[in-house]
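Asks: Residue numbers (the working numbering): 17 to 390.
Derived from the structure by calculation, the hints contain no laboratory data.
In this text, a Cβ means the ideal position worked out from N, Cα and C, and glycines have one as well.
Honestly, I wouldn't trust all of these hints.
For each label pair, taking beta carbons as the anchor points, the in silico distance ranges come out as [claimed, not checked]:
#1 T135 with R83: 33 to 43 angstroms
#2 D69 with G330: 12 to 22 angstroms
#3 Y357 with M324: 24 to 34 angstroms
#4 T148 with L389: 45 to 55 angstroms
#5 D262 with D308: 22 to 32 angstroms
#6 T286 with R83: 37 to 47 angstroms
Derived DSSO-like pairs: lysine-lysine, alpha-carbon spacing no greater than 30 angstroms straight-line [said to hold, decoys possible]:
#7 K263 with K356
#8 K263 with K290
#9 K76 with K290
#10 K76 with K263
#11 K76 with K138
#12 K290 with K138
#13 K290 with K356
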Amino acid sequence: LMSNFVKVSSKKLCLTGTALCVLMLVHSFLLKTPTWSSIKSNKCLADHTDDTDSRRARIKSVCEIHRSYRPLHRPSRGLGINLPSSTRKSMKCNSRDCPLLVDDSRSLAFCFISKVASTTLKGIFAPLLNVTVSGSDYDTMHWAFHNQTLRFGPRTLLQHGERRNYTKALFVRHPFERLVSTYIDKAFHNQTLRFGPRTLLQHGERRNYTKALFVRHPFERLVSTYIDKALRGRKEMAWAYALYWDKIPGVRAENRTPTFSEFVEFVLATTPEKSDDHWTPYYARCHPCLLDYDFVGKLETASRDFPMFFSLAGIRGQAGVFGHNNSRHNVRGVNATDSKYYFNQLSFSQVMRLYSWYFYDFELFGYDFRDYLP
């Protein structure tokens with residue numbers, strides 16, 4: 017009993033210490049006197065106990081600590097619940113309102129996050145959900161899922177979950193890697209349903225869904241988004257991103273690719289709740305303080321986490337997709353080395369502002385941002 021008490025107390029102290037450290041860092045940053053030694057010496061910023069149970073416990077602790085805390089970025093609310101008033105359960109519900117992909121046959125709800133192995137996961141889920149994909153390119157796959165899958169919003173899943181026990185899951189990756197991946201991708205080159213959060217809550221009163229989401233480090237995810245959306249310039253949604261780049265001074269007029277620094281300033285000019293799906297923070301998309309996720313996976317440990325998730329969800333024959341034959345680099349596409357290359361183009365101020373923007377993601381999922389500081 018005493019050892020368990022010490023473990024729990026240590027976790028709470030670590031989380032509290034992280035919050036205090038962040039406040040001190042931001043305070044010193046605003047005074048233009050950053051305390052680099054205090055950044056490097058803080059042992060609580062990274063979560064070294066990184067199994068699925070410890071991840072879920074960390075999320076619960078962080079939610080309790082920050083439920084009424086005002087974030088460091090623009091929004092005036094903390095991690096308290098404040099979702100769109102509409103109740104959504106639809107095949108036409110947009111991804112922002114209805115991020116939870118629902119498989120009724122398995123009582124599974126998976127919070128789908130762009131730039132976290134999203135294309136690979138769609139390829140796995142397509143036959144399971146009877147999604148008809150007419151081509152082999154990325155665009156066809158994404159549009160097929162957009163038009164043919166049942167999605168819930170978080171509140172809907174909660175309400176629906178009172179009647180049915182859904183397994184809830186999500187996967188994440190480092191937020192900065194995700195951001196770089198998006199930049200490179202976008203700058204350089206039978207129907208199933210989707211529910212909105214509120215709809216899934218209501219629908220759950222009749223069926224007990226397993227709710228799932230996967231996450232990755234917020235900065236890795238942001239870098240991945242930059243690479244994917246800014247650098248690769250894929251045809252999918254090209255018109256939308258052309259509109260985005262038009263808002264960056266000089267990019268269209270000079271017919272050039274936006275720099276990563278320009279892309280970051282573009283991201284920071286929006287609020288997390290109204291940002292593009294490819295860089296929306298995990299907390300604003302999957303609402304882990306509202307939904308008690310049964311499984312929380314990370315792209316960094318994909319070879320271990322995905323087989324566990326497939327087993328939990330009753331999905332057979334897919335364990336090898338993220339098995340040992342897939343290196344950390346290949347599974348994740350954009351890795352930490354790629355991300356640091358782009359982050360070296362940023363100022364200390366920009367990295368700290370990004371950390372503030374993704375603050376809750378770092379806290380909730382135990383990622384470390386210090387290696388990305390210039």
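Asks: If a hint holds in the structure, say so; if it doesn't, say that too.
Replies: Against the structure, the hints:
Range check, T135 to R83: about 34 angstroms between beta-carbon atoms, so the 33 to 43 angstroms window is met. Take D69 and G330: their Cβ atoms lie about 20 angstroms apart, and the range 12 to 22 angstroms holds. At about 32 angstroms, the CB distance of Y357 to M324 agrees with the hint of 24 to 34 angstroms. The beta-carbon spacing between T148 and L389, approximately 47 angstroms, falls within the hinted interval of 45 to 55 angstroms.
Checked against the hint of 22 to 32 angstroms, the pair D262 and D308 fails, with Cβ atoms roughly 42 angstroms apart. For T286 and R83, the Cβ-Cβ distance of about 24 angstroms falls outside the hinted range of 37 to 47 angstroms, so the restraint is violated. Restraint check for K263 and K356: satisfied, since their Cα atoms lie roughly 26 angstroms apart, inside the 30 angstroms limit. Note on K263 and K290: the hinted pairing holds, with a Cα-Cα distance of about 16 angstroms set against a maximum of 30 angstroms.
The suggested pairing of K76 with K290 holds, with an alpha-carbon distance near 25 angstroms, which does not exceed 30 angstroms. Taking the CA atoms of K76 and K263, the gap is about 39 angstroms. The hint is violated against a cut of 30 angstroms. Between K76 and K138, the direct Cα distance comes to roughly 29 angstroms. Compliance with the 30 angstroms bound is thereby established for this hinted pair. Our distance criterion of 30 angstroms between C-alpha atoms is met by K290 and K138, whose separation comes to about 24 angstroms.
For the suggested pair K290 and K356, the alpha carbons sit about 26 angstroms apart, so the restraint of at most 30 angstroms is met.
Going down the numbered hints, you'll see the structure goes against 5, 6 and 10, while the others check out.
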